[in-house]
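These protein sequence lines map, in sequence, to chains U, Y and P.
In short: position in the first sequence from 1, add 2, done, that's my numbering.
In short: position in the second sequence from 1, add 21, done, that's my numbering.
In short: position in the third sequence from 1, add 441, done, that's my numbering.
Don't take every hint at face value.
[To be verified] Straight-line distance between alpha carbons at most 27 Å, and here's what the computed DSSO-like set of lysine-lysine pairs gives: (1) U:151 <-> Y:235; (2) U:194 <-> U:151; (3) P:445 <-> U:151.
[Unchecked claim] Ranges of calculated distance between the beta carbons of each label pair, as one might list FRET restraints: (4) Y:23 <-> P:530: 46 to 56 Å; (5) Y:278 <-> P:530: 48 to 58 Å; (6) Y:208 <-> U:198: 50 to 60 Å; (7) Y:112 <-> P:619: 28 to 38 Å; (8) P:728 <-> Y:208: 36 to 46 Å; (9) P:764 <-> U:118: 37 to 47 Å.
Source of the hints: derived by calculation from the structure; they are not laboratory data.
Keep in mind it's a predicted model, so treat the numbers as computed, not measured.
Beta carbons are placed, not taken as given, at the ideal position from N, Cα and C, and that holds for glycine.
If you want the building blocks of each chain, they are given just below.
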Amino acid sequence: MTTADTGATVLKVQNIAKSFGGVHAVRDVSFEVRAGEILGLIGPNGSGKTTLFNCILGQLEPTRGKVLVGDSDVTGLRPSQLNRLGVGRTFQLLQVFPQLTVTENLILAGQEHKGSRLSRLFGAGDAGLTADAARMVEFFRLGHLAHEKAGGLSYGQQKLLDCAMAFMAGPRLVLLDEPAGGVNLSMLANLKERLQAINRETGATFVVIEHNMEFVMSLCTRIIVLAEGAIIAQGSPETVRRDPKVIEAYLGH
Amino acid sequence: MADFLQLLVAGLATGAIYALAAIGFTLLWQTSQTINFAQGEFVMLPAFLALIAMNLGAPFPLAALIAILGAMVILGLTFKLAIVDPLIKSGPLPLVISTIGVGLLLKDGVKEFYSAEAQPFPKVFPETPFSLGGANFTYAQIAVLGVALAVIMALNWFLAGTRTGRQMQASAQNPTVARILGINVNRMIFYTFLINAILAAVASLLIAPSQFAKFSQGEQLGLAAFVAAIVGGFNQVRGAIVGGLVVGVADNFAPTLLSAAGLSSAYRQALPLFLLVLIILFRPQGLVGRKEERAI
Amino acid sequence: MTMKTLGSVLLTAILAVLILAPADLTGLGLPWGGFRRSDIDVLTLWLITAIAAMGVNLIVGYAGQETLAQAAFLGIGAYLTALMTKAGYPFVAAFLASGLLSFVVGILLGFPALRVQKHYLAFVTLAFTVFAWLVFRNEEWLTGGVTGIQNIPRPTLFGFRSKPALVYYWFALAMTVALALVMAWILRSPWGRAFTALRENAIRAESLGVDVRTYTLLAFAIGSAYGGLAGALYAPFVEFIDPSPFALGPSLLFLLMVVVGGMGTQAGPFIGAAVAVLLQNRLEILQSSNPAFAHLSYLLVYAILVMVLMAFCPTGIVGLWQRITAPRRRPHADDKGPILGQVKS
Numbered sequence: 003m004t005t006a007d008t009g010a011t012v013l014k015v016q017n018i019a020k021s022f023g024g025v026h027a028v029r030d031v032s033f034e035v036r037a038g039e040i041l042g043l044i045g046p047n048g049s050g051k052t053t054l055f056n057c058i059l060g061q062l063e064p065t066r067g068k069v070l071v072g073d074s075d076v077t078g079l080r081p082s083q084l085n086r087l088g089v090g091r092t093f094q095l096l097q098v099f100p101q102l103t104v105t106e107n108l109i110l111a112g113q114e115h116k117g118s119r120l121s122r123l124f125g126a127g128d129a130g131l132t133a134d135a136a137r138m139v140e141f142f143r144l145g146h147l148a149h150e151k152a153g154g155l156s157y158g159q160q161k162l163l164d165c166a167m168a169f170m171a172g173p174r175l176v177l178l179d180e181p182a183g184g185v186n187l188s189m190l191a192n193l194k195e196r197l198q199a200i201n202r203e204t205g206a207t208f209v210v211i212e213h214n215m216e217f218v219m220s221l222c223t224r225i226i227v228l229a230e231g232a233i234i235a236q237g238s239p240e241t242v243r244r245d246p247k248v249i250e251a252y253l254g255h
Numbered sequence: 022m023a024d025f026l027q028l029l030v031a032g033l034a035t036g037a038i039y040a041l042a043a044i045g046f047t048l049l050w051q052t053s054q055t056i057n058f059a060q061g062e063f064v065m066l067p068a069f070l071a072l073i074a075m076n077l078g079a080p081f082p083l084a085a086l087i088a089i090l091g092a093m094v095i096l097g098l099t100f101k102l103a104i105v106d107p108l109i110k111s112g113p114l115p116l117v118i119s120t121i122g123v124g125l126l127l128k129d130g131v132k133e134f135y136s137a138e139a140q141p142f143p144k145v146f147p148e149t150p151f152s153l154g155g156a157n158f159t160y161a162q163i164a165v166l167g168v169a170l171a172v173i174m175a176l177n178w179f180l181a182g183t184r185t186g187r188q189m190q191a192s193a194q195n196p197t198v199a200r201i202l203g204i205n206v207n208r209m210i211f212y213t214f215l216i217n218a219i220l221a222a223v224a225s226l227l228i229a230p231s232q233f234a235k236f237s238q239g240e241q242l243g244l245a246a247f248v249a250a251i252v253g254g255f256n257q258v259r260g261a262i263v264g265g266l267v268v269g270v271a272d273n274f275a276p277t278l279l280s281a282a283g284l285s286s287a288y289r290q291a292l293p294l295f296l297l298v299l300i301i302l303f304r305p306q307g308l309v310g311r312k313e314e315r316a317i
Numbered sequence: 442m443t444m445k446t447l448g449s450v451l452l453t454a455i456l457a458v459l460i461l462a463p464a465d466l467t468g469l470g471l472p473w474g475g476f477r478r479s480d481i482d483v484l485t486l487w488l489i490t491a492i493a494a495m496g497v498n499l500i501v502g503y504a505g506q507e508t509l510a511q512a513a514f515l516g517i518g519a520y521l522t523a524l525m526t527k528a529g530y531p532f533v534a535a536f537l538a539s540g541l542l543s544f545v546v547g548i549l550l551g552f553p554a555l556r557v558q559k560h561y562l563a564f565v566t567l568a569f570t571v572f573a574w575l576v577f578r579n580e581e582w583l584t585g586g587v588t589g590i591q592n593i594p595r596p597t598l599f600g601f602r603s604k605p606a607l608v609y610y611w612f613a614l615a616m617t618v619a620l621a622l623v624m625a626w627i628l629r630s631p632w633g634r635a636f637t638a639l640r641e642n643a644i645r646a647e648s649l650g651v652d653v654r655t656y657t658l659l660a661f662a663i664g665s666a667y668g669g670l671a672g673a674l675y676a677p678f679v680e681f682i683d684p685s686p687f688a689l690g691p692s693l694l695f696l697l698m699v700v701v702g703g704m705g706t707q708a709g710p711f712i713g714a715a716v717a718v719l720l721q722n723r724l725e726i727l728q729s730s731n732p733a734f735a736h737l738s739y740l741l742v743y744a745i746l747v748m749v750l751m752a753f754c755p756t757g758i759v760g761l762w763q764r765i766t767a768p769r770r771r772p773h774a775d776d777k778g779p780i781l782g783q784v785k786s
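Let the hints inform the model, and build the full structure from the sequences given.
What follows is the structure, encoded as structure tokens:
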């Protein structure tokens, strides 16, 4: 659908497997994501979606397999190292810093990408970050809340801030874990429209875990279906929607 | 070989006492996420309760009973109601700080209102030595080991073999599910505080005859209990037992090991700490613990 | 903006009082005879204690880690400064070396602990404190063992001999202000933001590129360096050091002090140190002068104070103050933040 669909491979997941004790949460999953794509990752509860995310992002060490971002092998890197390579994420449960203001949250999300650590002690790059944060606040329509403590925002507003933080450093790849969870309808439309705008304007690539089918079907260009830790179907939203295996996976449990 | 056996038994005897303190420490952590920095003082205090009872004319068995009951009231009931309950909702740090305060209070209270001097404690078991295969032991060592192991076995039977014990374990492992199953989780937590108090009292009465009773003893005893709990595996009763025995044995072998390494025996206290650092570096889950991996 | 101006006016006034109050002003025609020598020494001790507490506050209050080693770092700084100045090195060199050594030891100590679970840093620092104390006590060739090191010289700075109590007090005050400014700078820099982030949510911070391990180590090492710097000021102040102030007990007291004052606030360490030092001083005077209070020991009172404060206001005295003044400063009910402030629920 988007023209960028045919771009170079941004993320390559090769034979990732993860087991906890005797439980195989993810078994031998491989897929590729091309530049500019919005890939949906769906599946029933407990199908291994979040575990897969955590393996890709260095939060968990995969039992087997490799993760490549661009051409470089990033398996075993820590989340902060991966983030500085241009990979952002959001979490299933809301994760903002409640004691910092909205602007401070955003500045924090960008600061590790500017200058050296020592130069940061002397405030290098802070001016640019403040401007970036102001732009981001406007973009996500949180302008009137810029100097409020994040903890005082409504749930939906915090969710927007959470996303905004993931985009603050201009990542080329962002993994979103249930961005629509718990967000009310009007906020949901806003969120979807903002995500599509970023994708259009910056060419950033998304992988989205989502349970809200309507949201995911209208946002994503391609969908992968996971069940019991393995890929059971993939393709355009239309193909996946009609796939009997998918219907069985959702209804059979 | 005889020397080795002698040190081993002496070490196991002290270690069994450490294990009692470490089990209590671990139980409090499991059921209510309380890191009790006053655990050493908990082991220091009951001996003084017994001394007070004896000063008032009570024979030793009655004094020991009074010490245990007093510990249950002060270190179990009062500690739970006055310190832990009001603080548990404020997160771990205020509670940790408050237990440090409790430790200071007990330590300085005993110093100010009983005595700053080490107090001799009646020898409950005869210190007479006997020889076995060339090694010398005392009846007291064997008796201490026996009593401590009996208490540990009784606790194990209680936790695994009784309905209340199993309910306590369920509450520790998953309070939410336990509540759904109709278990009174708060009562179970309260029981662990009582058990901790009993274990501390028994440890206190067992260690006092050989080390005297002194207000400042808690620091060393508490350290031994922390180290034992972590060496064994922070969240398992089994681990605390193994850890206690290991620390006790290491402590008794320390002078020999130190002199073999050409170091002053003044560093005896450092050996358990060295053990602690080794465990944290190479086996952070503890000797018998299982590695935990947490998803987000 | 007016709040900010008010704040700086208040700070300047406090500083002016701190500079002038202990001095004898009768020479200037003012009816003020100054403080007694023993009271000036209490103030100096308060300042030195506050420097070490600032370090603990950075580690515990801002970065959300735990340390039970501050007294050991105080000892490292005190012994190093005593040895260096007695060997003829200038005080400035000893002062900087004390901070640097504590920083390096802090990194070496934190590095292994951070590979594992969070609260293990508390146990590693606890072990380290006991170990450091054993070294101070047993390595007689270096530290003098239990008899300690005597006749530690007070420095001469810019031609001023700091031997008189008042001059040394002013010197300690200048150093405290300088170190407080450095701390304020760090806390307002991106480093300070990263420290707060790792206290509030380390996993999220890591996902935003904040290298949690490095920042935790930095917080721990800088906080420990403040302990070493306080020690460097402590040794010439008391002129005689032995192992007892550097044991585990005093380390615990540093932690309590910061919580009593108010964790994660810049005034907290000063208030906490003031309560601890003044309470001890006043109670000791009371105990020795009035037999009715013979058993009212400082630790007993302090322990009760800590427990009461934790039960009713875990955010410490600063938190208590904010709670009292909050309704007036914020008339709108728009502040839905947790009442407990920085304390996680």
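Numbered hints the structure breaks, given as an ascending list: 1, 5
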